[in-house]
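Chains as they are written, first to last, in the working numbering: chain A, 1 to 522; chain B, 1 to 378.
Just so you know, these hints were derived from the structure itself, not from any lab.
Yeah, the Cβ is synthetic: ideal placement off N, Cα and C, and Gly gets one too.
Mixed in with the good hints, there may be bad ones.
Pulled from the structure, derived: some chain A residues nowhere near chain B, Cβ distances all over 10 Å [to be verified]:
#	residue
1	101
2	149
3	166
4	175
5	323
6	327
7	397
8	513
Straight line, CA to CA, 20 Å or less: simulated EDC-like cross-link-like pairs of lysine to aspartate or glutamate [as the list claims (entries may be wrong)]:
#	chain 1	residue 1	chain 2	residue 2
9	B	259	A	350
10	B	244	A	383
11	B	259	A	335
12	B	270	A	335
13	A	373	A	388
Below, each chain spelled out in residue letters.
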Amino acid sequence: MNSTSDLQQQVRKVVEMKAIVKRFPGVLASDRVDFELQEGEIHALLGENGAGKSTLMNILAGLYKADSGSIKVNGKLVTFSSPKDAIAAGIGMIHQHFMLVPSQTVTENILLGLSKPRFIMDLKNYDQKIIELGEKFGLPVDPKAKIWQLSVGEQQRVEILKMLYRGANVLIMDEPTAVLAPQEIDILFSTLKNMVAMGKSVIFISHKLHEVQKISDRLTVLRKGKITAGGVSAEGKSRADLARLMVGREVIFSLDKKLSIPGKVVLRIEDVHCLNDKNLKALNGVEFEVRSGEIVGLAGVAGNGQKELADVLTGLRHCLEGKIIIQGENIANMDAKAGIRHGVSHIPEDRTHVGTAPNLSVTDNVIMKNYTKKPIARGWMLDNPSADKYARELKDLYDIVVPSVNTPVRLLSGGNLQRVILAREISSEPTFMVAMQPTRGLDVGAIEGVQKLLLLQRDAGAAILLISEELEELISLSDRIFVIYEGEIMGEVTDGDVEKIGLMMTGTRQEQLEKMEAQYEN
Amino acid sequence: MKTDSAGNLRRRTILPFRIKFEERISDVPKWYPFMISFGAVVVALLIGAIILLLGGGNPWLTYAHIARASFGSIGVFSDTLVKAIPLIFVGLACSVAFRMKLWNIGAEGQFFMGAFAASAVVLIPILPETAPKWLFIIVMAAAGMLGGALYGFIPGILKARFNVNEVISTLMLNYIAVAWNNYFIFAIWTEAGFQMTKVFPQNAWLPRLTDLGSEIPFFRGLTTHFGLVLAVIAAIIVWLILYKSRWGYEIRLIGDNPKAATYAGIPIKKHIVWVMMLSGALAGMAGMSEISGVVHRLQGAISPGYGFTGIIVAWLAKLNPFAVIFVSILFGALILAGREIQPSGVPKMIQGVILVCLIASDFLIRYRISIVRQGAEA
Numbered sequence: 001m002n003s004t005s006d007l008q009q010q011v012r013k014v015v016e017m018k019a020i021v022k023r024f025p026g027v028l029a030s031d032r033v034d035f036e037l038q039e040g041e042i043h044a045l046l047g048e049n050g051a052g053k054s055t056l057m058n059i060l061a062g063l064y065k066a067d068s069g070s071i072k073v074n075g076k077l078v079t080f081s082s083p084k085d086a087i088a089a090g091i092g093m094i095h096q097h098f099m100l101v102p103s104q105t106v107t108e109n110i111l112l113g114l115s116k117p118r119f120i121m122d123l124k125n126y127d128q129k130i131i132e133l134g135e136k137f138g139l140p141v142d143p144k145a146k147i148w149q150l151s152v153g154e155q156q157r158v159e160i161l162k163m164l165y166r167g168a169n170v171l172i173m174d175e176p177t178a179v180l181a182p183q184e185i186d187i188l189f190s191t192l193k194n195m196v197a198m199g200k201s202v203i204f205i206s207h208k209l210h211e212v213q214k215i216s217d218r219l220t221v222l223r224k225g226k227i228t229a230g231g232v233s234a235e236g237k238s239r240a241d242l243a244r245l246m247v248g249r250e251v252i253f254s255l256d257k258k259l260s261i262p263g264k265v266v267l268r269i270e271d272v273h274c275l276n277d278k279n280l281k282a283l284n285g286v287e288f289e290v291r292s293g294e295i296v297g298l299a300g301v302a303g304n305g306q307k308e309l310a311d312v313l314t315g316l317r318h319c320l321e322g323k324i325i326i327q328g329e330n331i332a333n334m335d336a337k338a339g340i341r342h343g344v345s346h347i348p349e350d351r352t353h354v355g356t357a358p359n360l361s362v363t364d365n366v367i368m369k370n371y372t373k374k375p376i377a378r379g380w381m382l383d384n385p386s387a388d389k390y391a392r393e394l395k396d397l398y399d400i401v402v403p404s405v406n407t408p409v410r411l412l413s414g415g416n417l418q419r420v421i422l423a424r425e426i427s428s429e430p431t432f433m434v435a436m437q438p439t440r441g442l443d444v445g446a447i448e449g450v451q452k453l454l455l456l457q458r459d460a461g462a463a464i465l466l467i468s469e470e471l472e473e474l475i476s477l478s479d480r481i482f483v484i485y486e487g488e489i490m491g492e493v494t495d496g497d498v499e500k501i502g503l504m505m506t507g508t509r510q511e512q513l514e515k516m517e518a519q520y521e522n
Numbered sequence: 001m002k003t004d005s006a007g008n009l010r011r012r013t014i015l016p017f018r019i020k021f022e023e024r025i026s027d028v029p030k031w032y033p034f035m036i037s038f039g040a041v042v043v044a045l046l047i048g049a050i051i052l053l054l055g056g057g058n059p060w061l062t063y064a065h066i067a068r069a070s071f072g073s074i075g076v077f078s079d080t081l082v083k084a085i086p087l088i089f090v091g092l093a094c095s096v097a098f099r100m101k102l103w104n105i106g107a108e109g110q111f112f113m114g115a116f117a118a119s120a121v122v123l124i125p126i127l128p129e130t131a132p133k134w135l136f137i138i139v140m141a142a143a144g145m146l147g148g149a150l151y152g153f154i155p156g157i158l159k160a161r162f163n164v165n166e167v168i169s170t171l172m173l174n175y176i177a178v179a180w181n182n183y184f185i186f187a188i189w190t191e192a193g194f195q196m197t198k199v200f201p202q203n204a205w206l207p208r209l210t211d212l213g214s215e216i217p218f219f220r221g222l223t224t225h226f227g228l229v230l231a232v233i234a235a236i237i238v239w240l241i242l243y244k245s246r247w248g249y250e251i252r253l254i255g256d257n258p259k260a261a262t263y264a265g266i267p268i269k270k271h272i273v274w275v276m277m278l279s280g281a282l283a284g285m286a287g288m289s290e291i292s293g294v295v296h297r298l299q300g301a302i303s304p305g306y307g308f309t310g311i312i313v314a315w316l317a318k319l320n321p322f323a324v325i326f327v328s329i330l331f332g333a334l335i336l337a338g339r340e341i342q343p344s345g346v347p348k349m350i351q352g353v354i355l356v357c358l359i360a361s362d363f364l365i366r367y368r369i370s371i372v373r374q375g376a377e378a
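Given these sequences and hints, build the entire structure.
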């Protein structure tokens with residue numbers, strides 16, 4: 001017994017990161033983080049979005065430079081100034097978005113950027129090498145196939161091969177399952193197990209607890225740039241434990257919030273199904289209601305269908321099945337205009353790409369939703385003076401700091417841009433509002449302002465669906481919270497119980513939770 | 001840190017200073033883009049002068065000659081205006097489409113279809129030869145616009161329905177339009193076997209200044225025609241549409257950010273078709289005015305590439321309808337000078353250099369350039 005445990009302690013450390021600090025403007029993304037990777041293990045890195053997982057791994061992969069701290073690879077101190085240096089040290093990162101050339105073959109992609117072959121490609125020879133490499137690690141691919149012909153799972157295999165070909169011993173996988181279908185996930189997992197058996201080490205970045213439990217040997221949990229659990233064994237950790245480490249318990253600062261008096265049902269959605277941009281199922285039979293005068297929160301880890309839900313509700317995404325009923329009319333699969341007619345307003349997640357036209361003026365941006373209405377519209381003409389007047393009124397009312405309303409909005413700061421959108425969406429006196437991450441990227445003062453505006457709208461009788469990854473914000477603003485996981489609503493929380501929300505966010509249904517509770521009480 | 005400073009050192013040894021590009025974060029004053037464009041033209045003329053010098057010519061004399069040949073007297077200036085008229089129409093056509101980021105390269109084909117449709121009014125004939133002049137002008141203009149609009153409709157609907165790249169489809173349609181025209185002038189409307197139709201009756205001609213020569217002797221011999229008035233009216237209409245109308249707002253919104261336009265509930269596909277048709281109608285009007293105001297018959301060589309020059313005009317005018325008028329006059333002058341200057345490629349070369357300089361000058365509007373002395377920046 002003793003000798004085996006000794007052996008285990010002498011497992012070679014492949015990577016040692018010590019006291020890594022990385023500061024971005026306004027954020028401490030990595031706060032004296034320590035991280036260790038042993039040879040032949042799958043080490044999961046867990047945390048919410050923005051917890052600092054990707055930052056830490058980008059530092060290890062040579063994409064970012066740490067402000068302070070040290071990195072040792074195989075016991076030797078290293079400094080990486082580019083991914084090339086990291087690969088030379090045997091560390092390869094596989095990003096969520098593949099970096100492959102669609103019109104070229106697998107072999108060509110793998111050889112891209114290498115110094116050999118120099119001039120004559122001699123692809124036949126290299127095709128054979130890649131087949132051999134694939135066989136060795138259980139990654140079967142056709143080296144002659146063009147990338148565009150491959151499925152997403154196969155493309156991921158090519159990315160892995162690319163790193164192995166470059167001699168990577170440590171593979172960093174950034175949310176590798178996010179783009180995969182369930183069967184492909186199983187294949188990936190067996191490949192990963194295979195690779196660690198061959199002596200490679202894998203860092204597995206994820207926020208999906210069941211996957212982490214299934215695949216990892218040890219795990220490290222990050223929250224807001226800090227370690228909450230470092231290198232602990234994955235065995236014996238329940239999902240509830242992990243959820244608590246990930247989400248944490250925070251003192252919820254209270255807003256001056258009156259009791260809500262919900263009125264009639266404004267929005268009812270029934271059995272809504274839709275696909276995401278990669279044609280995978282994003283929503284799977286979502287159903288709920290939002291009444292006037294209440295804020296309904298939607299909690300969930302990013303990428304579980306929130307964006308797609310917001311898109312479907314505002315006419316920006318095709319809905320496969322189901323009904324979206326606003327004020328009695330089914331507006332599923334109509335364009336955005338149908339919703340606007342019913343007073344639907346939308347604060348999109350992606351402000352610059354969806355919410356605004358960057359080269360147009362503040363005026364042109366605030367009239368986007370009401371340029372067809374008087375007094376801004378005068379027949380087929382636009383009444384520019386009254387549009388400018390309207391814009392100036394909003395500028396004063398919402399404190400938009402801008403020299404003139406004719407300034408193009410691309411010159412505005414993030415907070416001001418968000419105010420332009422809020423001004424437009426709120427001033428239309430919406431009956432129903434979808435607010436997605438309305439306070440993301442704002443400073444504390446601005447956050448409070450936005451939250452107050454949302455509460456004011458609620459008290460004025462608007463029905464609001466608040467989609468956010470900030471749990472504190474959700475709990476303090478919402479009157480009740482739904483939790484979404486992999487396109488399905490896991491349940492509803494009315495008392496703001498963080499632990500319950502955390503468990504649902506990671507895929508436990510409300511019924512299961514209640515059963516568990518009943519068991520505890522017995 | 002070590003590697004960083006080493007990298008800087010390597011750079012430092014090459015030059016004693018470094019040129020820094022920074023994206024502008026504040027708005028530029030209104031006059032700035034115009035100054036930059038003007039500067040770009042000056043630089044282009046300098047580059048042209050160097051090329052002329054290398055070619056063994058005298059740049060100063062050449063430029064003076066070009067100026068004299070196109071602006072030297074009221075007579076040649078009138079000819080310059082005649083060349084500018086189709087350019088104004090086509091420049092406007094491109095401005096409208098480009099404003100929505102629809103790359104209509106097919107103004108040339110739409111020009112030919114406009115000319116064809118306007119000629120058809122006389123040649124089928126739709127109107128008898130004795131019809132009054134005002135009726136001829138209205139019907140021919142309507143036919144020209146319709147012909148161009150229908151020819152713009154094809155790539156428009158293809159893009160809206162099947163997402164066919166409009167650059168390719170409009171470019172290819174140009175060749176079809178020329179061939180279509182040739183078929184009619186060779187086979188159907190040919191006059192005694194020549195590759196041209198008969199001359200239109202006087203009633204189908206746009207009125208020219210010289211027509212007033214008997215009353216106002218000053219106008220005698222001046223070929224500037226009524227198309228100029230129509231072109232200026234078209235510029236005003238395009239300006240009203242783009243900057244004063246709801247439709248123009250939608251076009252600008254789609255052009256700047258199609259996602260935001262979808263989000264605001266604007267049906268982009270419908271607009272693609274309509275804007276392509278408006279663009280085609282304007283180019284078709286160019287064909288009509290050229291046929292009815294200058295050539296007075298349908299024939300093969302009615303365009304020295306007006307449709308393509310229009311692209312340059314629109315770009316040079318920064319898609320501003322009124323600037324299109326002035327730029328067209330400049331380019332009309334260069335086309336006219338092509339007749340006088342030998343080799344005639346010189347004005348074309350100057351056109352090309354101007355375009356390259358203008359496109360390059362855009363950089364100065366988006367970026368600020370500063371020269372940093374080494375050591376000044378730690």
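Consistency of the hints with the structure:
1. 101: Holds, because the least Cβ-Cβ distance between residue 101 (chain A) and chain B comes to about 21 Å, which exceeds 10 Å.
2. 149: 21 Å, holds
3. 166: Holds: least Cβ distance 20 Å, greater than 10 Å.
4. 175: Check passes; 24 Å lies beyond 10 Å.
5. 323: Given that every Cβ of chain B is farther than 10 Å from that of residue 323 (chain A), nearest at about 20 Å, it holds.
6. 327: Residue 327 (chain A) clear of chain B: closest Cβ-Cβ about 17 Å, beyond 10 Å.
7. 397: 21 Å, holds
8. 513: Answer for residue 513 (chain A): holds, closest chain B Cβ roughly 37 Å.
9. B:259 <-> A:350: 10 Å, holds
10. B:244 <-> A:383: 7 Å, holds
11. B:259 <-> A:335: 13 Å, holds
12. B:270 <-> A:335: Satisfied, since the Cα-Cα distance of roughly 13 Å is no more than 20 Å.
13. A:373 <-> A:388: 15 Å, holds
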